Structures are given as C-alpha cells and as structure tokens.
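These protein sequence lines are chains A and B, in that order. Residue numbers for the first sequence follow the numbering used here, so the first one is 1 and each next one is one higher. Residue numbers for the second sequence follow the numbering used here, so the first one is 114 and each next one is one higher.
Bear in mind the hints are in silico, worked out from the structure with no lab data behind them. Remember, predicted model here, so these are calculated numbers, not experimental data. Heads up, the beta-carbon is just placed ideally off N, CA and C, and yes, glycines get one too. Treat the hints loosely; a few may be bogus.
Stated by the list, open to error - Covered by chain A, per the in silico footprint, the following chain B stretches (three or more residues, Cβ under 8 Å): (1) 127-138; (2) 158-166; (3) 179-185.
Stated by the list, open to error - Listed below are several chain B residues computed to face chain A (Cβ distance under 8 Å; list not exhaustive): (4) K155; (5) P194; (6) S197; (7) N212; (8) L226.
Stated by the list, open to error - Some residues of chain B that are not near chain A, with every Cβ distance over 10 Å (derived): (9) E170; (10) T175; (11) Q193; (12) A198; (13) L201; (14) T207.
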Amino acid sequence: EPEVTQTPSHQVTQMGQEVILRCVPISNHLYFYWYRQILGQKVEFLVSFYNNEISEKSEIFDDQFSVERPDGSNFTLKIRSTKLEDSAMYFCASGRSPYNEQFFGPGTRLTVL
Amino acid sequence: QKEVEQDPGPLSVPEGAIVSLNCTYSNSAFQYFMWYRQYSRKGPELLMYTYSSGNKEDGRFTAQVDKSSKYISLFIRDSQPSDSATYLCAMTRTREGGNKLTFGTGTQLKVEL
C-alpha cells in the first residue's frame, strides 16, 4: 500500500540554523501539505501546495518558512533560521484532490537547542 | 469559540466496550469530516472519511455526521487494547487549491484488559 515517507525521523539543530525536512508524497497525488504538532498540542496547518505553488498558508508560515517540490517525487519544507519555538513534530500529507482524504507521513521530530 | 471542540479525555474503557468519541464545530463551511488515529509520536492514520450527514460504517468503526447540529461522532465497537491511542477529528471546506484540515485537540483513549 503506498504511503507518505519523511526524512529524517529526528533532526536536532542549533537555534539560528537552517533545516530542510523532506517528504515523498504518494506518487499519484497532486496536493501536498505540511502540518506541525507541538508536544501536547493539536495538529496545526502550515501550508498547502498545488500545481507548483503555495495555495494557502497559515499565520505560522512566515518568511522563515519555504516549500519546494524540486523534482517529481520530493516535497521539502525549509526553515531558514530556526527558533526554539519551532521545536515540534512536522507532518507531511498528500491527497489526490481537494475533495479527497489526506494521508500523513510518520513525521519529523525537530528539536531546536 | 474554538472552530473545533473535542473532549481531550483521557477516556478509559474495558475491553469489548463501545466507545463514543465526539467533536463539535462552529464553522458551517466545513463539509468534509475525518477521523484519524494517532499513536504516541507517530503520524495521524486515517480511519474514516465522510461527507454527508448520516452514518458510515467500516468494520468496528462507525462515523456519524449531523451537519444541522454541527456534531460528529466516531463509535468503536468491541474495543481492543490495540485501539488505545489518541483519536483526532478533522474537518475541511471545499477549496480548489487544496484544503487545510482543522483538527480537534484529540481524545486519548485507553482500552484496558
């Protein structure tokens, strides 16, 4: 059964450093998303991406964040200068259409020291 | 008022019990409703996806939607210890460029032997 994969599973970084989180969505999906979940809190939407551009982003997704689909399979989230409060689980999700389910990856745990 | 409200629990039941998990929402634009299961420090796993008001059954799981009351439920029959997890409700409205999911806080369920 196809699934969304994410790498790395855990990333530790120093405050102010850049990180890139990687995702491989399900192959025939066209809609891609990033969410995050701070420990003990609810899952929050960051950004949706379709047709090689951002279609919607949340207030959390400020200028420090960017997304890219560099090739036909990968979808990345970059945080330019990490802050302590960026520490969270980051989930990638994908869907076939805006009217279908979203399938989530296992997440990347980001720890900013 | 929060867009999506979900009782955080924890909810503890004996094995074999029927479990009822509920969410209410305030935004009438929400049209699609999902239930995810999340084990500790893992990605959300899709359980049920519904659109219409009414019931949808899949094995031991039944999802119920009442759009007039802005209320959704997930019933688990014959609960098993392996059902112990956090259950997240999520919902979205239709939007061509992709749909952000709005999650509840999750209900922590423990099924005891």
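For each hint, the structure was consulted:
1. 127-138: violated (count 0)
2. 158-166: Holds, because 3 residues of the region 158-166 of chain B bring their Cβ atoms closer than 8 Å to Cβ atoms of chain A.
3. 179-185: violated (count 0)
4. K155: The hint holds - K155 (chain B) has a Cβ within 8 Å of chain A, the shortest such distance being about 6 Å.
5. P194: Hint on P194 (chain B): violated, closest Cβ of chain A at ~22 Å, above 8 Å.
6. S197: This hint is violated: S197 (chain B) lies away from chain A, its Cβ roughly 18 Å from the closest one there, beyond 8 Å.
7. N212: 5 Å, holds
8. L226: Since the shortest Cβ distance to chain A is 27 Å, the answer is violated.
9. E170: 17 Å, holds
10. T175: 17 Å, holds
11. Q193: 21 Å, holds
12. A198: 14 Å, holds
13. L201: 7 Å, violated
14. T207: Violated, since 7 Å does not exceed 10 Å.
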